[in-house]
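Visitor: These protein sequences, in sequence, are chains A, B and C. Straight run, no breaks: the first sequence in the numbering used here ends on number 329. Straight run, no breaks: the second sequence in the numbering used here ends on number 997. Straight run, no breaks: the third sequence in the numbering used here ends on number 1163.
These are computed hints drawn from the structure, not numbers from a lab. Take these hints with a grain of salt, some might be off.
[Said to hold, decoys possible] Computed footprint of chain C on chain A; a stretch qualifies when at least three of its residues, placed anywhere within it, have a C-beta under 8 Å from a C-beta of chain C: (1) 268 to 279; (2) 290 to 300.
[Stated by the list, open to error] Selected chain B positions facing chain A (Cβ under 7 Å, derived; list incomplete): (3) S931; (4) C933; (5) L937; (6) G974.
Virtual Cβ for every residue (Gly too), placed ideally from N, Cα, C.
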Amino acid sequence: MSKPKVAFYWCASCGGCEEAVVDLGPDILKVVEAVDIVFWPVALDFKRSDVESMLDGELTVSFINGAVRSSEQHEMVELLRRKSGLVVAFGSCAHTGGIPGLANLFDRKAMFDEAYFNVPSVVNDEKTVPQEEYEAPEGTLTLPNLWNTVKTLDQVIPVDYYLPGCPPPVNLIAEAVSKILKGELPPRGAVLAPDIALCDECPRKETKPEKMSQKQFKRPHEIMIDPEQCLLAQGLLCLGPITRKGCGAACTTANMPCTGCMGPISNVIDYGMKALSAVASLADSNDEEEIEKILSKIVDPVGTFYRYSLPASLLHRYYQPAAQGGKQS
Amino acid sequence: MSTVNIPSPNGQPKIGVYVCHCGINIAGRVDVKETVAFAKTLPNVTVATEYKFMCSDPGQEMIQKDLRDGKIDRVVVASCSPLMHEPTFRRAMIAADANPFLFQMANIREHVSWVTLDKNAATEKAKALIAAAVKRIVLHRPLEKTRVPVTSDVLVVGGGIAGIHAALTLAEAGRKVYLVEKEPTIGGHMAKFDKTFPTLDCSACILTPKMSAVRAHPNIILWTYSEVAEVEGFVGNFKVKVKRKPRYIKEDLCVGCYECVEACVFKKGITKDEFNVGLSKRRPIYIPFPQATPLVAVIDPETCVQIKRNKCKKPCVDACERDAIDFDQKVEIKEIDVGAIILATGFKTFDASRISRYGYGKYPNIYTSLEVERMVNAAGPTGGEVHLQNGEKPKTVGIVHCVGSRDSKTNAYCSRVCCMYSLKLAHLIKERTEAEVYNFYIDMRTPGKGYEEFYEKLLKENVHFIRGRVAEISDWATIPEEEGKLVIRAEDTLIGAVRRIPVDMVVLSVGMEPHENVDEVRRLFNVSCSHEGWFLERHPKLAPVSTFTDGVFLAGACQGPKDIPDSVAQAGAAAAEALALIDRGYVELEPNTAYLQEEFCSGCKTCLGLCPYGAISFNDEKNISSVNGALCKGCGTCVAACPSGALQQNLFTDEQILHEIEGVISYV
Amino acid sequence: MSDNDRKQFEPRIIAFFCNWCTYTAADLAGTARMAYSPNVRVIRIMCSGRLDPQFILKAFREGADGVLIGGCHPGDCHYQEGNYKALRRFTLLKRFLNMMGIEKERIRLEWIAASEGDKVQKVINEMTEQVRKLGPLKLEPASQLQPQNDRVSRVEPVTIAEGEAS
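Using the sequences and the hints, build the whole thing.
Guide: Below, the structure written as structure tokens:
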């Protein structure tokens, strides 16, 4: 019997998820022993045509990382979906949009203007911007279309499982692979991580005071962070209470607040709103002005609460009112 | 409740939708047939029908029959507000052996038919609300009300006639009553009156026996010179802290002999006598009036030399044979448990100086009606004589109605009692002085038993009535006859001319207003107020003495201007409501409390500081939060904050509300 | 959008009213037959403190053009201070929505006491006109596929086992 076939693919991502696979260390050899990796652009020289030539469903599982924001990525994930029994959204970007998803605060034109004209280090007197088509003597050259909106993987193709994290913790990857190989899978649609928030495994949990409310929120560079006390109790915007555990409290152990890469637990439909609700509730005042003052310390509510999940939010993206000539997608 | 036998072969909910016509209240604006047809198309709806009055017995029986026949297992009634009839339909479900929380109302009367002009828009809105209810009820679960025992003692706040009557009624029924009054004596406004309309009963003669009954009643604990400082708990189980101000007299020793008052270093009054509304002065140690209850002296710390400067010969102490005077008395906090609270905090009279053109406080001989009440009282500062500042009897008196009432600049409402007491004062003044009396009125409002007849009687007594609001009162004479007089200028709307009536004395019939500290008081007891500051009853017609806080009832003028008979009647009603609550022995609490899905709680403690009732604590063993359902009052604040969605609220779970949102918008 | 279109646009507004003050006030407006525009649909919650900001985005996502929140006046909350918790969340939410480009007129928090039926009428009429002026809120549609993490779509109806509903 032939070994199960596995594909890895990356879309809009930083490459960290690929690193995470390599982070399996010697264990990756066991994986390779158990499966055939038949497609992994970052590491192995297979082509798209190799995938196209497979039978539908031939791949046991595709691990796809990165958000989807271009026509090329769209085509590739649709292709992989067709060829795969299972698709796992791998990492924050595929799961909830991730850091690239913050591009949804802008539209494509604004991004192009910024990248090709406005950045101080850019010299572009000819006003050259990438074109989707270019007539060269050799024929028409094309580039993929960059979407106005960054999407999560499941907004583009049906996804069977999610491995959250930026990048997904190695132990969760190993566990997921082993479950897939053994066929011991939870119901379709599940996030392959414990369904409870980070505080549960945070070593600082014991130091939480009874009353978590804050007169002043602080940013990490503003204080000497106590290495043992609950970070939220120190006034830092630690999103551990809102974020799924499974990372082993990597950030809080390293004396940094949780920024939420593991996404919400299953009871929450919009990570950022729940985070906003919980954090705002802790502003310790009943006076309108003082509330305003305390919360003004949260300078960037979108970036803070949706650092990894803007495309997965109920709003998906920045809204341009029709009156301002807004055109969606 | 016995087991409901609902055959659910495929586990699908079976929803019955019942649309009420409410006569034409709904059907006149909403196309009921169309809403029923629409309801039939909604998922899981197995019965959709309509009826003229769903809240009537036949209407309820329709629901009960369908439940019993197994056609439905959940009920949506589209009719009035849930605040109106939710209890009715829940009871109907219990009677049909169904769980009353598998029920949802769509408010298509108060929120639709009564406020929407366009028939089509009203029908569409009704459909949306029905869709929302249907969508949400799919997620309803059977719930149980918890029963909590009720403390049988009652707190009555305010010792005017309403509070007195309520306290006595409850005490007679064998309940222990705490009667708390902020003044040194009970009696309230009624104790200050001479006669009461329309019977001209002597006010003291009918009130003082009730006051002494309060004092003597074994079931009443009377705390005067005291205020409620704190209220916690909930219906049936209030924990109240009462602040007893020091009166510097040992209440149990004082017999009210006046020896100390007579002995005071001040041989006459030095400060405004509150009971005589400033018409006379009292000493620092005093008894408000001879029938004061309790008949116990009180020392005013603001004026007593000993208390203020600690250097007085203290003749009062020497004079008191019973050693009742105690300058070391301190504020005492009493903690009591009560099952029900009756608010009978009364009113204050309108401050006539707010209407400067009426000259109160500027000209002598302009009095408020309350001052004149004291004046005509035989036990009052003038011994019942009505006289001017110079001691002479007035020959002409003008009585100005509606001062601080029916006036958009002050109070838009009618104070209800002024016409009648003005007539009464007219009668009394005429009786005492034989003066010519002029009543200036806007409308005569005399609805009440024997009231119109009293007006008739006054007309025959040759009292003058001029219909028109008084424009101005001044001493500006334009003709010799007006010299040295107060001139009342008013339009006589019956003859269509401006008249100037020179008088010796003016009585301003001041209206009733809520107390200044009404906001403080209502927050203390968690009751709402109308615009004007009157305590808000739960329903103006059907629950006139209840409030939105279960277990807190209203009596007397704190709920709105009222005369004595109405105050007494309402006090009786409030006492009966309190009794009904207490005698049942338990209260059933709405099950809309918060609950914790433990498996999702990470122990982040976000919720702990948010609960105003201390219902959430931390379970150190499990390292997660824990909700005490008995303390939870069901606001859902913690639920909205819970970052894990681990806390949920019965009847208002995230899913139920999200479904409702989907339902209300998906059909528009 | 032409003036003509604007006239035809009927905004959809979802209101979350607290049981004790604003919902009661809306009932009072009804009893007093104070007609107002039919565009607002009220969802009753026990306290404005129950309002999870997720509900507001959900309403916008489902197609609401505006969201109105009504609670008891400061100091008057039936549950002591739920309305302050609502205010805390609303303060931050407003800033968030502004960053997300949602016009500030689409969301409104009003303190309306049980006796203020007239204020319900006024606020609803005002809000309807404000939102009507803005035109429809056309959010980028949720993708063709239902996101898997949308819990609501997965929720099973509660079934009542025999004997449980006793």
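Visitor: Compare the structure with each hint and give your call.
Guide: Taking the hints in turn, this is what the structure says about them:
1. 268 to 279: Coverage by chain C holds for the region 268 to 279 of chain A (9 residues, Cβ < 8 Å).
2. 290 to 300: The restraint on the region 290 to 300 of chain A holds, since 5 of its residues have a Cβ under 8 Å from chain C and three suffice.
3. S931: Where the cut-off is 7 Å and the nearest Cβ of chain A is about 4 Å from B/S931, the hint holds.
4. C933: Status holds, d = 3 Å.
5. L937: holds, 5 Å
6. G974: holds, 3 Å
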